[in-house]
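Protein chains: 2
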Amino acid sequence: MTHRRSRIESLSNPLVKRMRLLREKRHRRAEGLFLAEGLRIATEAREAGILPRWLFLAEEGAAHPLARALIDATLASGGEVIDTTPAILSKLSGKDNPQTVVGIYAEPRTALSDLDRDAAPIWLVAERLRDPGNLGTMLRTGDAVGAGGLILLGESTDPYGVEAVRASMGAIFTQRLVQAEWDEFLPWLRSGRGELVATWLGDDTKDYQAVHYAAPTFILIGNESQGLPQAYAEAADVRVKMPMMGKADSLNAAVAAAVMAYEVLNQQRS
Amino acid sequence: MTHRRSRIESLSNPLVKRMRLLREKRHRRAEGLFLAEGLRIATEAREAGILPRWLFLAEEGAAHPLARALIDATLASGGEVIDTTPAILSKLSGKDNPQTVVGIYAEPRTALSDLDRDAAPIWLVAERLRDPGNLGTMLRTGDAVGAGGLILLGESTDPYGVEAVRASMGAIFTQRLVQAEWDEFLPWLRSGRGELVATWLGDDTKDYQAVHYAAPTFILIGNESQGLPQAYAEAADVRVKMPMMGKADSLNAAVAAAVMAYEVLNQQRS
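Chain order of the listed sequences is A and B.
So for the first sequence, the numbering used here puts the first residue at -19; every next one is plus one.
So for the second sequence, the numbering used here puts the first residue at -19; every next one is plus one.
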């Protein structure tokens, strides 16, 4: 077991400079790393067996029992623990009032072929998702409903950006995450069991409660402003709509995913 | 009928300078005005009978049939129509790619005593809501489920900020919005019909589907990071919990509101 624990107090330290660049997508891609803030999220990651390559802690944070467990596990897994200052944590996270713990994690690269679709009865699929808050919220909802993960189709916002990671509340570590194109996704889906359910604002839809969903259910949600392309909706096994009682004709994408996912979960548990 | 239509092309025009300050809360409060972007939202407002005091349009936007209807209605109601440039719209909205229409509206000031609780079977109540995206999303969901409005308890993010208005997708104009303290809200609630349903992570909860909700149902959602104060949960008629199948113990606040609201709606329509 290697024990690597050091102290950094200088804002111009090269590792700090390098790690703060992870706030930019191109640096995350180049390094294959991302940043997650907070003891709670790092503890969820640890409980899922995922430990940071680098763990930055401010003094007040390091004394917490959960932080000690995190420090031990990080060192045991070969990661580095760095005692540092609130100013450096602030520089890393880009927040004025930073959390007392920042972890730097390897980005998992998961392909469709890595997924075991029968591992979970629900999967979320989102097309060209634009808003990082929506993306993180979908991961969080996926965890709550016992989904296996989130499949992102097309050009979406980066799931490893700080805002998406924050909104996921740790689910970035517990949900599988795949980025794929529709042209890969559909053949993969059709190569095994699974029902594709499109939330759709057009014609030929059923009330979302009038359908009996078969597991594994893949819930397909369209882009925030344009919805799903017609061809995607037509390729789905069923197109569903939530009742809309007011002036609006659609729900927020993360809300639509959640209302659908809870309906599927409720059918499974009843 | 007064016809007031003018043209502004200078970024230093005093009205433009004054209106762009509405991006700051203290100026919104002082002026009693707020800003909403986009032809779609302004059209929803118009259909709800709400017209802007000032309507800014870029040339390309003014030609749209919905924009013409908006221009006519704005002038007829005594508002001013200002033909302007994309650069000025960008300055007003703070966005690089602004919408072609920006409306400046009077902030409605609605008190609890102004509400007719029997006008709708569902009301959303949120306590110390912090995130403007969540707030706007709750308004949008409220519209979708046929709620009467959103009651904000305690110190919340400003519902008339640009981000909340944008996330509401026009529901800021169709849902009633009240800001109140708990100490006013509870006596008001108890002065008439209405069931208070708290989403609660503590003990003494029922599964959210095991309860029969009586209209008008007031769905109470707690602060994003701290949840509801115990006293609020105890004052509720019933405390409910959604099933949580994963590692997480809670949902995003706007998601929790939506999952609850659709359950209440589904009971009403079945």
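Just to be clear, a hint being listed does not mean it is correct.
[Unchecked claim] Straight-line Cα separation of at most 25 Å, DMTMM-like style, residue types lysine to aspartate or glutamate; simulated pairs: (1) B/Lys221 <-> A/Glu27; (2) A/Lys227 <-> B/Glu4; (3) B/Lys227 <-> A/Asp98; (4) B/Lys75 <-> A/Asp98; (5) B/Lys227 <-> B/Asp187; (6) A/Lys75 <-> B/Glu40; (7) A/Lys75 <-> B/Asp96; (8) B/Lys227 <-> A/Glu135; (9) B/Lys75 <-> A/Glu143; (10) A/Lys71 <-> B/Asp98; (11) A/Lys5 <-> B/Asp96; (12) A/Lys75 <-> B/Asp187; (13) A/Lys75 <-> B/Asp94; (14) A/Lys186 <-> B/Asp96; (15) B/Lys75 <-> A/Asp96; (16) A/Lys227 <-> B/Glu135; (17) B/Lys227 <-> A/Asp138; (18) A/Lys227 <-> B/Asp187; (19) B/Lys227 <-> A/Asp229; (20) A/Lys227 <-> B/Glu214; (21) A/Lys221 <-> B/Glu27; (22) B/Lys5 <-> A/Glu135.
No lab work stands behind these hints, which were simulated from the structure alone.
Evaluated hints:
1. B/Lys221 <-> A/Glu27: Distance ~24 Å between B/Lys221 and A/Glu27 Cα, so the pair holds.
2. A/Lys227 <-> B/Glu4: With Cα atoms ~29 Å apart, A/Lys227 and B/Glu4 exceed 25 Å; violated.
3. B/Lys227 <-> A/Asp98: holds (19 Å)
4. B/Lys75 <-> A/Asp98: violated (44 Å)
5. B/Lys227 <-> B/Asp187: holds (18 Å)
6. A/Lys75 <-> B/Glu40: violated (39 Å)
7. A/Lys75 <-> B/Asp96: Distance of about 42 Å is beyond 25 Å: violated.
8. B/Lys227 <-> A/Glu135: Cα-Cα ~29 Å, so violated.
9. B/Lys75 <-> A/Glu143: Holds, because 19 Å separates the two Cα atoms, which is no more than 25 Å.
10. A/Lys71 <-> B/Asp98: This hinted pair is violated, its Cα atoms lying about 51 Å apart.
11. A/Lys5 <-> B/Asp96: violated (49 Å)
12. A/Lys75 <-> B/Asp187: Not satisfied, since the Cα-Cα distance of roughly 37 Å exceeds 25 Å.
13. A/Lys75 <-> B/Asp94: Given pair A/Lys75, B/Asp94 is violated - Cα atoms ~40 Å apart, limit 25 Å.
14. A/Lys186 <-> B/Asp96: violated (33 Å)
15. B/Lys75 <-> A/Asp96: violated (42 Å)
16. A/Lys227 <-> B/Glu135: Violated. A/Lys227 to B/Glu135 sits at ~29 Å, over the 25 Å cutoff.
17. B/Lys227 <-> A/Asp138: The given pair, whose Cα atoms are some 23 Å apart, holds under the 25 Å limit.
18. A/Lys227 <-> B/Asp187: Answer violated: A/Lys227 to B/Asp187 is near 31 Å, above 25 Å.
19. B/Lys227 <-> A/Asp229: violated (33 Å)
20. A/Lys227 <-> B/Glu214: Roughly 35 Å separates the two Cα atoms, so the pair is violated.
21. A/Lys221 <-> B/Glu27: Between A/Lys221 and B/Glu27 the Cα gap is close to 24 Å, so the pair holds against 25 Å.
22. B/Lys5 <-> A/Glu135: Distance of about 35 Å is beyond 25 Å: violated.
In terms of the numbered hints stated before, the structure departs from hints 2, 4, 6, 7, 8, 10, 11, 12, 13, 14, 15, 16, 18, 19, 20, 22, listed from lowest to highest.
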